[in-house]
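Undergrad: The listed protein sequences derive, respectively, from chains A and B.
Mapping of the first sequence onto the working numbering: residues 523 to 703, in sequence order.
Mapping of the second sequence onto the working numbering: residues 6 to 786, in sequence order.
Hints listed in this document are in silico derivations from the structure and should not be mistaken for laboratory results.
Incorrect hints may appear among the rest.
[As the list claims (entries may be wrong)] Label-pair restraints from in silico Cβ distances:
| no. | chain 1 | residue 1 | chain 2 | residue 2 | range |
| --- | --- | --- | --- | --- | --- |
| 1 | A | Gly532 | B | Leu757 | 46 to 56 Å |
| 2 | B | His59 | A | Lys628 | 46 to 56 Å |
| 3 | A | Thr531 | B | Glu145 | 53 to 63 Å |
| 4 | B | Ser456 | A | Pro625 | 34 to 44 Å |
| 5 | B | His178 | A | Gly532 | 30 to 40 Å |
| 6 | B | His178 | A | Thr531 | 37 to 47 Å |
| 7 | B | Lys477 | A | Gly532 | 28 to 38 Å |
| 8 | B | Leu757 | A | Lys633 | 25 to 35 Å |
| 9 | A | Pro625 | B | Arg666 | 54 to 64 Å |
[Claimed, not checked] Taking lysine-lysine pairs in the BS3-like style, the calculated list, with each CA pair at most 25 Å apart, reads:
| no. | chain 1 | residue 1 | chain 2 | residue 2 |
| --- | --- | --- | --- | --- |
| 10 | B | Lys761 | A | Lys633 |
| 11 | B | Lys535 | B | Lys764 |
| 12 | B | Lys477 | B | Lys388 |
| 13 | A | Lys571 | A | Lys693 |
| 14 | A | Lys545 | A | Lys558 |
| 15 | A | Lys589 | A | Lys628 |
| 16 | B | Lys411 | A | Lys684 |
| 17 | B | Lys412 | B | Lys243 |
| 18 | B | Lys412 | A | Lys571 |
| 19 | B | Lys290 | B | Lys402 |
| 20 | A | Lys586 | A | Lys628 |
| 21 | A | Lys633 | A | Lys586 |
| 22 | B | Lys777 | B | Lys753 |
| 23 | A | Lys555 | A | Lys628 |
| 24 | B | Lys90 | A | Lys541 |
| 25 | A | Lys557 | A | Lys611 |
| 26 | A | Lys684 | B | Lys412 |
| 27 | B | Lys764 | A | Lys611 |
| 28 | A | Lys545 | A | Lys557 |
| 29 | B | Lys243 | B | Lys411 |
| 30 | A | Lys611 | B | Lys761 |
| 31 | A | Lys557 | A | Lys541 |
| 32 | A | Lys693 | A | Lys557 |
| 33 | B | Lys411 | A | Lys686 |
| 34 | B | Lys753 | A | Lys611 |
| 35 | B | Lys764 | A | Lys633 |
| 36 | A | Lys628 | B | Lys761 |
| 37 | B | Lys755 | A | Lys611 |
| 38 | A | Lys628 | B | Lys766 |
| 39 | B | Lys764 | B | Lys753 |
| 40 | B | Lys394 | B | Lys243 |
Idealized CB from N, CA, C, for every residue including glycine.
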Amino acid sequence: MMRATPWQTGEICGPDAAKALTKAAQLKRDWRKTKKPLMIVGSQAPSIKHGRGDMVDYSIELSKAAKIPIVATGGAVKAFIERGFEDAKSMGAMELVGYLQDPTWKGPHGKGPHDMILTHSMQYYMEWTLLSGVMNFARHIVPVSLSRFYQPHATWSMPNLKEKNYRDLLKEILEFLGGSK
Amino acid sequence: MKKKAYIKADEAETSMGVFKGLEVRIGQIIDDEWDEPMGPTPMPGPTTLRSWDHKLLTKYTASYMPYCQVCCLCTMGKCDLSGDKRGACGLDMRGQQGRIVLAAANIGCSAHLAHSRHLIDYLIEEYGPRTRLIQGPGTEIHAPVSRLVTGMRPRTLEDASIILDYCETQLAHTLSATSTGQEGSWMDFESKVFHVGMIDQLSMEIADLAQVSTLGMPQADPDAPLVESGIGMIDTNKAVILTIGHNIIPAASITDYVTEKGLYDQVEVGGMCCTAWDMTRRDQKAKVIGPISWQLRYVRSGQADVVVVDEQCVRTDIVSEAKKVSTPVISTSDKAVMGLPDRSDDPVDSIIEELVSGKIPGAYISDHHKVGIIATRVALAVKPARRRKRFFPSAKKIQQLAQDCKKCMECVRACPNDQNVQEAVLAAQTGNMELLREVYNNCIGCVRCESACPNDYALHSWMAAVSQDSFKNETHVVRTGRGAVQDTEIRRVGQPIVFGEIPGIVAHVGCANYPGGGKDVHDMAEEFAKRRFIIVTSGCAAISAGHVKDENGQSIYERRSGEFDAGCVVNMGSCVANSHIAGAAIKIAAIFAKRNLRGNYAEIADYIHNRVGAVGISWGAMSQKAVAIAAGFWRLGVPVIVGPHGSKYRRMFLGRADRDRDWIVYDARTGERMYTAPGPEHLFYAAETVAEANVLTAKLCIRPNDTAKGRSIKLSHYVDLHERYMGFFPEDVWKYIRRNNDIPITLKDKILAQMKENKWKERPIPDPTMLKEQIFTGGEK
Chain A
523 MMRATPWQTG EICGPDAAKA LTKAAQLKRD WRKTKKPLMI VGSQAPSIKH
573 GRGDMVDYSI ELSKAAKIPI VATGGAVKAF IERGFEDAKS MGAMELVGYL
623 QDPTWKGPHG KGPHDMILTH SMQYYMEWTL LSGVMNFARH IVPVSLSRFY
673 QPHATWSMPN LKEKNYRDLL KEILEFLGGS K
Chain B
6 MKKKAYIKAD EAETSMGVFK GLEVRIGQII DDEWDEPMGP TPMPGPTTLR
56 SWDHKLLTKY TASYMPYCQV CCLCTMGKCD LSGDKRGACG LDMRGQQGRI
106 VLAAANIGCS AHLAHSRHLI DYLIEEYGPR TRLIQGPGTE IHAPVSRLVT
156 GMRPRTLEDA SIILDYCETQ LAHTLSATST GQEGSWMDFE SKVFHVGMID
206 QLSMEIADLA QVSTLGMPQA DPDAPLVESG IGMIDTNKAV ILTIGHNIIP
256 AASITDYVTE KGLYDQVEVG GMCCTAWDMT RRDQKAKVIG PISWQLRYVR
306 SGQADVVVVD EQCVRTDIVS EAKKVSTPVI STSDKAVMGL PDRSDDPVDS
356 IIEELVSGKI PGAYISDHHK VGIIATRVAL AVKPARRRKR FFPSAKKIQQ
406 LAQDCKKCME CVRACPNDQN VQEAVLAAQT GNMELLREVY NNCIGCVRCE
456 SACPNDYALH SWMAAVSQDS FKNETHVVRT GRGAVQDTEI RRVGQPIVFG
506 EIPGIVAHVG CANYPGGGKD VHDMAEEFAK RRFIIVTSGC AAISAGHVKD
556 ENGQSIYERR SGEFDAGCVV NMGSCVANSH IAGAAIKIAA IFAKRNLRGN
606 YAEIADYIHN RVGAVGISWG AMSQKAVAIA AGFWRLGVPV IVGPHGSKYR
656 RMFLGRADRD RDWIVYDART GERMYTAPGP EHLFYAAETV AEANVLTAKL
706 CIRPNDTAKG RSIKLSHYVD LHERYMGFFP EDVWKYIRRN NDIPITLKDK
756 ILAQMKENKW KERPIPDPTM LKEQIFTGGE K
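Whole structure, please, built from the sequences with the hints as guidance.
TA: Here is the structure:
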């Protein structure tokens, strides 16, 4: 197993730390077990390029393919609405930390309680703190970070990938989650 | 109220003989001139207000986000607290997080309290213990925080000292609770966080009251002077003295000396952080240079001929940084000696000679009377040679050095704002300095990029070097700190605030750890001032708010009134003037609702929480002091928003809008328990973006007591901002409608549809209170 280090070098944690996610198939076991995933898309999604679009486009594609509801944070929901995607809900990242700790919470779409979250496109340190709250106090949830840089508080996180490798892995994840359930 | 009696005489002739330097303290005397009855909690101890704290902490749950899962504070550890494990002392993860926050709040409070103590002791020494404390005209209810917390109305420096005695005792108690084997419950840790926050607020009030009373600062003055601000305002044809920190006393010694000797045509005195505000409050020839995060860019520019540091927020590597540009440093505070030789008792001329010659890089001088003369004479002496030197590298040199970049990305990984420093360096290889300039604009000056760079590039200097045109354009006019709010101003706005017709008071306070530059603070302040909220500022946020010009070249302070009223932007002053923001909210309860303040904390906090739509924003909150300041507001029930870096405080206080039972209050008229809307929804919240902060600010101003007109106005702002920043009509507006006349007319159709869809039912507007004892019928229905 590859040993990953946090992207911002001071943001170490432990003893629990995320496993490095380098192949989509690594998610197989957890994905098979999950019944109610939730994708949390941060405010930087419209400015992170992906293919010919950005991470908003990717999120929409993944949401449709893998049937994962989206909650957008920090105002990112506006970009989803502008692209005609009406199913994204809006909440604050810190609000989500609080709500996710409640194992009975039905989630922003009323489709919960959620048992897996997939996060990306937030300021590194804010995703870091959000995932810390989930890892420590929402242990009924499997947190997966789809961000490019290693998030130690997730269960699965990419180990600081080069941009091209990141794009490739996102594509692989889209195909895997979209086709494997 | 009991007070100590204190007598001091240089020489006293008695039947027993002649005594020189006589000081006598005699027990305590009673202040029996104040007819306001004493409330239930004068000088509360750590658990006196626990019941009130627990009410708030039940409504707003602590949501923790630990940095790590271990505790390493004693030798039984390290202990792994992950999952449901407990440490060797028995503490669990939540308790440990509460403990860490309490430690941080204690640190923050200690900084303000020690500052306050230094001021009071110094001023007593200078002016005597019986020196009157004067907050200014129209402030009959002076020192509202002191009245509320202690039951005292401090009228002299000696009274102030007694209050600080109390504060110091409380700080010792709350700090002791963090020791291994003391407190064990997260909620009780957090209750003590509130307690030390309240103590912090009290010590800040004492500090500002004392300096305003004695040092010639504006006293509750809506027309506090406009002063020059920004690096471009500093005339480098003169010798430049840079002061950094929070304590006015050494800086006052400098401006007084320069004034006395008529040297302002040869000397510039500029300040950073709160010293800048306090200096310009008493001497408008002094200048504000910038917020705290500008320290290194300015020091490294070499413009400062002498750096004088006092206390708090000073870069701890200031001596080595100043040494790089041969600038002597004078440290003046026992809290920040900085490894310098203690020259306090040496002759002035010998200290000056050693500093000018460079024999010593700086000196610690605790005798403030000497600081002014030494700093001024050294600055004048070293200036001519320094002006011939160039301190920043040339663009050509930067381009040349940049060729060796290892492309390791360590600079980016070290940057708290994830700025692409490496890309900027690579662009510099080709002579394109534009990206370095972009990084400079968002840089908070931490220089972690430099520490990480394997080539030891002076990256921050590079950014500043290629941005010197920006330096020159930093020419702003800002209003210096006014001090307290007058009772007459409160009388005018009290009713419209409590009824909700002035939609809120928004306070921009705190440090400069911004996620994307200081302009955000200005933009947020302007957004709400335009909407006729009352905007107050303090500290570094007050500087950043003033460092943006409009199309007419005016700052926000030039175009908006300094009077505490709708649409104003009022600079209260330095960090310690934050206490006046709390004071204004407290005075609303006293003046508009005629509530007694004296030792009556819980009732007044309950009043403010349910009626006064105030929100604090610290967009660049960085320090432990910011935690303590926020905690003082939390205990008053005032919500606080911080920027995204504030999530690193590791704990939010979050309400649950979907849990109706959390939003039930008593109707004080009948004792009936009634549902209100989730307002204010959260007590402490880190917003990810300005967009989120703006929407939340409008929402957090909603209070159960709003009149129909007030609620309608507040909802209009909330909906408008939500539609603009989130792109859709908010789905929870119906929750805030109590009766049909709460509905903003222009939004009627959409809201009625929402109400119908959610099976809305009309409900009465209570006279809201969370305290059973506030029910008029005594709690009996």
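Undergrad: Lys545 of chain A and Lys558 of chain A: Cα distance at most 25 Å?
TA: Satisfied, since the Cα-Cα distance of roughly 22 Å is no more than 25 Å.
Undergrad: Does 30 to 40 Å hold as the CB distance between His178 of chain B and Gly532 of chain A, or does it fail?
TA: Distance hint for His178 of chain B, Gly532 of chain A holds at roughly 33 Å.
Undergrad: Is the gap between the beta carbons of Gly532 of chain A and Leu757 of chain B within 46 to 56 Å?
TA: Holds, at about 52 Å.
Undergrad: Would you check the hint for Lys90 of chain B and Lys541 of chain A, treating anything up to 25 Å between C-alpha atoms as holding?
TA: Cα-Cα ~22 Å, so holds.
Undergrad: Against the 25 Å threshold, does the CA-CA distance of Lys777 of chain B and Lys753 of chain B hold or violate the hint?
TA: 36 Å, violated
Undergrad: Assess, step by step, whether the Cα of Lys755 of chain B is no farther than 25 Å from the Cα of Lys611 of chain A, and give holds or violated.
TA: The given pair, whose Cα atoms are some 19 Å apart, holds under the 25 Å limit.
Undergrad: Holds or violated: are the alpha carbons of Lys611 of chain A and Lys761 of chain B at most 25 Å from each other?
TA: Cα-Cα ~21 Å, so holds.
Undergrad: Are the Cα positions of Lys557 of chain A and Lys611 of chain A separated by 25 Å at most?
TA: 19 Å, holds
Undergrad: Assess, step by step, whether the Cα of Lys571 of chain A is no farther than 25 Å from the Cα of Lys693 of chain A, and give holds or violated.
TA: 13 Å, holds
Undergrad: For Lys633 of chain A and Lys586 of chain A, compute the direct alpha-carbon distance and say whether it is at most 25 Å.
TA: Holds, at roughly 15 Å.
Undergrad: Can the restraint linking Lys628 of chain A and Lys766 of chain B be considered satisfied, given a maximum Cα separation of 25 Å?
TA: 24 Å, holds
Undergrad: Holds or violated: Lys628 of chain A and Lys761 of chain B, Cα atoms, limit 25 Å.
TA: Cα-Cα ~22 Å, so holds.
Violated hints for the displayed structure, listed by number in ascending order: 2, 9, 11, 17, 19, 22, 29.
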